[in-house]
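Please build the complex by placing chains E, D, F, R, L and S on the supplied structure of chain X, with the hints as guidance.
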Amino acid sequence: MIKPLGQRVLIKRAEAEQKTAGGLFLPDNAKEKPQEAIVVAVGTGGRDENGKLIDFTVKENDRVLISKYGGTEVKIDGQDYVIVSEQDILGIID
Amino acid sequence: MIKPLGQRVLIKRAEAEQKTAGGLFLPDNAKEKPQEAIVVAVGTGGRDENGKLIDFTVKENDRVLISKYGGTEVKIDGQDYVIVSEQDILGIID
Amino acid sequence: MIKPLGQRVLIKRAEAEQKTAGGLFLPDNAKEKPQEAIVVAVGTGGRDENGKLIDFTVKENDRVLISKYGGTEVKIDGQDYVIVSEQDILGIID
Amino acid sequence: MIKPLGQRVLIKRAEAEQKTAGGLFLPDNAKEKPQEAIVVAVGTGGRDENGKLIDFTVKENDRVLISKYGGTEVKIDGQDYVIVSEQDILGIID
Amino acid sequence: MIKPLGQRVLIKRAEAEQKTAGGLFLPDNAKEKPQEAIVVAVGTGGRDENGKLIDFTVKENDRVLISKYGGTEVKIDGQDYVIVSEQDILGIID
Amino acid sequence: MIKPLGQRVLIKRAEAEQKTAGGLFLPDNAKEKPQEAIVVAVGTGGRDENGKLIDFTVKENDRVLISKYGGTEVKIDGQDYVIVSEQDILGIID
Amino acid sequence: MIKPLGQRVLIKRAEAEQKTAGGLFLPDNAKEKPQEAIVVAVGTGGRDENGKLIDFTVKENDRVLISKYGGTEVKIDGQDYVIVSEQDILGIID
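Heads up: the sequence lines are chains X, E, D, F, R, L and S, in that order. Note that UniProt numbering has the first sequence beginning at 1, numbered continuously upward. Note that UniProt numbering has the second sequence beginning at 1, numbered continuously upward. Note that UniProt numbering has the third sequence beginning at 1, numbered continuously upward. Note that UniProt numbering has the fourth sequence beginning at 1, numbered continuously upward. Note that UniProt numbering has the fifth sequence beginning at 1, numbered continuously upward. Note that UniProt numbering has the sixth sequence beginning at 1, numbered continuously upward. Note that UniProt numbering has the seventh sequence beginning at 1, numbered continuously upward.
Next up, chain X with everything else stripped away, as it sits in the complex (with noise of 0.2 angstroms):
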């Protein structure tokens, strides 16, 4: 498994679909299409300028709200992940 270096985190987009469990209906000519994720795995950790490490805000398994064209994808045993940066998701579905 791979562990994001500083603030980023692994993440596992949710299929494409009209209308998602979270009743989040993604619109298909959106100009920033968002997408939800499931949280895999937070990051080792920023810092802020003081060298303090920073808490995520995010935690695993949280159900987040990404655009779609972010971070860096990755296969692992032939499954999709992304890798983004912690303050490029949008919001957390409750």
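Derived from the structure by calculation, the hints contain no laboratory data. Check before you lean on any hint, since a few could be wrong.
Computed beta-carbon distance windows for the label pairs [claimed, not checked]:
no., chain 1, residue 1, chain 2, residue 2, range
1, R, D80, X, D88, 30 to 38 angstroms
2, R, D48, X, R13, 31 to 39 angstroms
3, F, F56, R, G70, 22 to 30 angstroms
4, X, D88, D, N61, 42 to 50 angstroms
5, L, D94, F, K52, 33 to 41 angstroms
6, E, I38, F, Q87, 38 to 46 angstroms
7, R, D80, E, S85, 39 to 47 angstroms
Cut-off 20 angstroms, straight-line C-alpha distance, at most; resulting in silico cross-link-like pairs (SDA-like, lysine to any residue) [said to hold, decoys possible]:
no., chain 1, residue 1, chain 2, residue 2
8, R, K3, R, T72
9, F, K68, L, Y69
10, F, K52, D, G45
11, S, K75, L, G46
12, F, K75, D, S67
13, R, K59, R, R47
14, X, K12, X, G51
15, X, K3, R, K59
Please read all numbers here as calculations on a predicted model, not as lab measurements. Built from N, CA and C at the ideal position, the CB exists for glycine as well.
Just chains E, D, F, R, L and S now, with coordinates in the frame of chain X:
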């Protein structure tokens, strides 16, 4: 529902109308058209350089003025919302 | 009425006239035309790097000099106003 | 009169002449032409990162050297002035 | 051998293979191809704003994931190495 | 005479010659031609983020090496001088 | 001799050879060709945000690896040297 991450805010745009409830008239030919919106949810909070949580200036149900083209559009249960950074909100309408 | 967010200021531009009340003459052919305006409302206040509220230098009813093309125009009850960042105000007219 | 905002300074350019009072000769073909000017008023003062007021290095009536094309021109009672940021002043002429 | 300067790291890329030892499969058509590598040496250490040495998150012999095209290639005794900034390492492979 | 403002320095370029007094030879075809100069006056001093005056590293009469095309040229009593930022001085010639 | 200003370093590039003394082979077709060099003199020292002198990581006679095209070339007594910022040095060759 979505909890925006960091200093982001979830808003619902007001219907386009010539004369809004707050007496705010938005001309058609303005270069950068601002638009009324309602704050639906504030985010998890950003952090300043010392890692201290930054308070939100806006709160739920505030009527605010935002730029017409900023933010990321999302649809929840068939309704349109926008996730914007709080610093892109121009003002609060009393 | 609108309460500008952060270090923004709501202003009303003075009518264009050759010789203003303050004796300030604004030439037609200036490259970057400044323009007189009245401060209608100061914002909720910006914050410095330590999260401390920054005081406004201008206050309500101050006559100020701003760049002609800066800010965002809004109409309230049929009158034109502009929301500008305080640091885009060039000076206060005594 | 105008009180410049922040770290700005109100200056009056010296008349163009071949040999200035300070013995400073300004060549016609210099790529970036500096020009003599008199400080008419210093601003309300900028603030450093800790919110502390920054002192001005120049003061009223100082003869200074500025770039010919910087700043914003304003006319007060028929006379031309320029509002420049203090850090765009190249030097003080003794 | 080379001791990288500052927050840089000396790495040796893994041989290109379809299925790596860590079970990490790297698709041919990924827009930004990440690639496995081994950390050979960490640098002399960067410094934060207060001049304090920043610890490395990776250490010698860590298997890491880096962007395929980042860093500077060097050859030592006929073998290819890469010098990358630690913040360009995407994650550590357990 | 001119007192440069902030961290600026007033210098006088050395005459162009193939082999300078310091044994420094400046090739004609160098991409970025450095050039010898004499420090005539240091500025009023810049300030760091805490508002503390920054000391100058160079002092009057130092022979320095600067980029040939940097700074702003001024003429004083018929002689050419240049005002440069101290950080654009490459080195001091012993 | 030249004393570089600030965090700059004066270096002398090693002669181009296929296999260097340190066993470092530099391929002809590398996109960004690094090159061996000897540190001849470190600078007067940079300063961090608090005005404290930053120590140099490299010292005189260190063999270092730098980018082939960085820095400013100078000739001293007929020999070629380069002035580079210390942070553009990739590593120290042991």
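Outcome of the hint check:
no.: 1; hint: D80(R) - D88(X): 30 to 38 angstroms; result: holds (32 angstroms)
no.: 2; hint: D48(R) - R13(X): 31 to 39 angstroms; result: holds (35 angstroms)
no.: 3; hint: F56(F) - G70(R): 22 to 30 angstroms; result: violated (46 angstroms)
no.: 4; hint: D88(X) - N61(D): 42 to 50 angstroms; result: holds (44 angstroms)
no.: 5; hint: D94(L) - K52(F): 33 to 41 angstroms; result: holds (39 angstroms)
no.: 6; hint: I38(E) - Q87(F): 38 to 46 angstroms; result: holds (43 angstroms)
no.: 7; hint: D80(R) - S85(E): 39 to 47 angstroms; result: holds (43 angstroms)
no.: 8; hint: K3(R) - T72(R); result: holds (14 angstroms)
no.: 9; hint: K68(F) - Y69(L); result: holds (19 angstroms)
no.: 10; hint: K52(F) - G45(D); result: holds (17 angstroms)
no.: 11; hint: K75(S) - G46(L); result: violated (32 angstroms)
no.: 12; hint: K75(F) - S67(D); result: holds (14 angstroms)
no.: 13; hint: K59(R) - R47(R); result: holds (17 angstroms)
no.: 14; hint: K12(X) - G51(X); result: violated (30 angstroms)
no.: 15; hint: K3(X) - K59(R); result: holds (14 angstroms)
The structure fails hints 3, 11 and 14 (numbered hints given earlier, in ascending order).
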